[in-house]
Amino acid sequence: AQTVTQSQPEMSVQEAETVTLSCTYDTSESDYYLFWYKQPPSRQMILVIRQEAYKQQNATENRFSVNFQKAAKSFSLKISDSQLGDAAMYFCAYRSPNTGNQFYFGTGTSLTVIP
Amino acid sequence: DAGITQSPRHKVTETGTPVTLRCHQTENHRYMYWYRQDPGHGLRLIHYSYGVKDTDKGEVSDGYSVSRSKTEDFLLTLESATSSQTSVYFCAISESQGALRTQYFGPGTRLTVL
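Chains A and B are the protein sequences, given in the same order.
At position 82 of the first sequence the residue is numbered 82 (my numbering), and the sequence of numbers has no breaks.
At position 65 of the second sequence the residue is numbered 65 (my numbering), and the sequence of numbers has no breaks.
Honestly, I wouldn't trust all of these hints.
To be verified - Cβ-Cβ distance ranges computed for the label pairs, FRET-style: (1) Thr18/A x Thr17/B: 46 to 52 angstroms; (2) Thr86/B x Thr18/A: 26 to 32 angstroms; (3) Pro97/A x Val88/B: 27 to 33 angstroms; (4) Arg110/B x Thr112/A: 45 to 51 angstroms; (5) Tyr50/B x Gln8/A: 30 to 36 angstroms; (6) Pro41/A x Gly40/B: 14 to 20 angstroms; (7) Lys53/B x Glu15/A: 46 to 52 angstroms.
FYI, nobody ran anything at the bench for these hints, they're computed from the structure.
Yeah, the Cβ is synthetic: ideal placement off N, Cα and C, and Gly gets one too.
Generate coordinates for the entire structure from the input sequences, incorporating the hints supplied.
Rendered as structure tokens:
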């Protein structure tokens, strides 16, 4: 099974500042898909951003962007202009095209936004 | 938002009793999943289904069974609940076509086994 590691259990950021959450993964596959999910206190899992490994260009969704380093097996999430509503648990996930659409999740990073 | 509901949303039960959680989708997606979420572990896959009556085990399947008799419903059963199964359970669905095949999650069920 693929392993996804989020080495920062907790992070904090000042409102309006930028923060980067790290994620690394272990795989021998060349083609795969990566995702970031947000889980606010409501517990609902919300898709933030997704990236296809064969695409060189980093994905961007409004204030959220990724830094995808395929050789380093790294997939970090950058949140710009942080807002109070960004406070949540963030999960990195890996999907292999070869294992029945199974997702493998990291253990999460809890993000606090300081007013 | 994907049309996924879970029932019940909260349940408290006693050790040794059977428990069934239901996931219902209105998206007609082929794939459905059950995860459990525990502190320090993220989300771990229990079972998944790739079609009606087609299911397979995930990482933490011991003590759980599933059934899928209709495309829209995926049931998770704890035959004899134990305290170690106290957790938050999430259902997810996924498209069968398209490269990204994102998973979309239900609202979760908090289960407490006393």
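These are the hints, each one checked on the structure:
Between Thr18/A and Thr17/B the C-beta distance comes to about 49 angstroms, which sits within the given range of 46 to 52 angstroms. Remark: the range hint 26 to 32 angstroms for Thr86/B to Thr18/A is contradicted by a beta-carbon distance near 38 angstroms. Between Pro97/A and Val88/B the CB atoms are about 28 angstroms apart, so this pair conforms to the stated range of 27 to 33 angstroms. Checked against the given bound of 45 to 51 angstroms, the beta carbons of Arg110/B and Thr112/A, roughly 23 angstroms apart, lie outside it.
The hinted window of 30 to 36 angstroms between Tyr50/B and Gln8/A holds, with their beta carbons roughly 34 angstroms apart. For the pair Pro41/A and Gly40/B, the supplied restraint of 14 to 20 angstroms holds, since their beta-carbon distance comes to about 18 angstroms. For Lys53/B and Glu15/A, the hinted distance range of 46 to 52 angstroms is satisfied, since their beta carbons lie about 51 angstroms from each other.
In summary, the numbered hints that this structure violates are 2 and 4.
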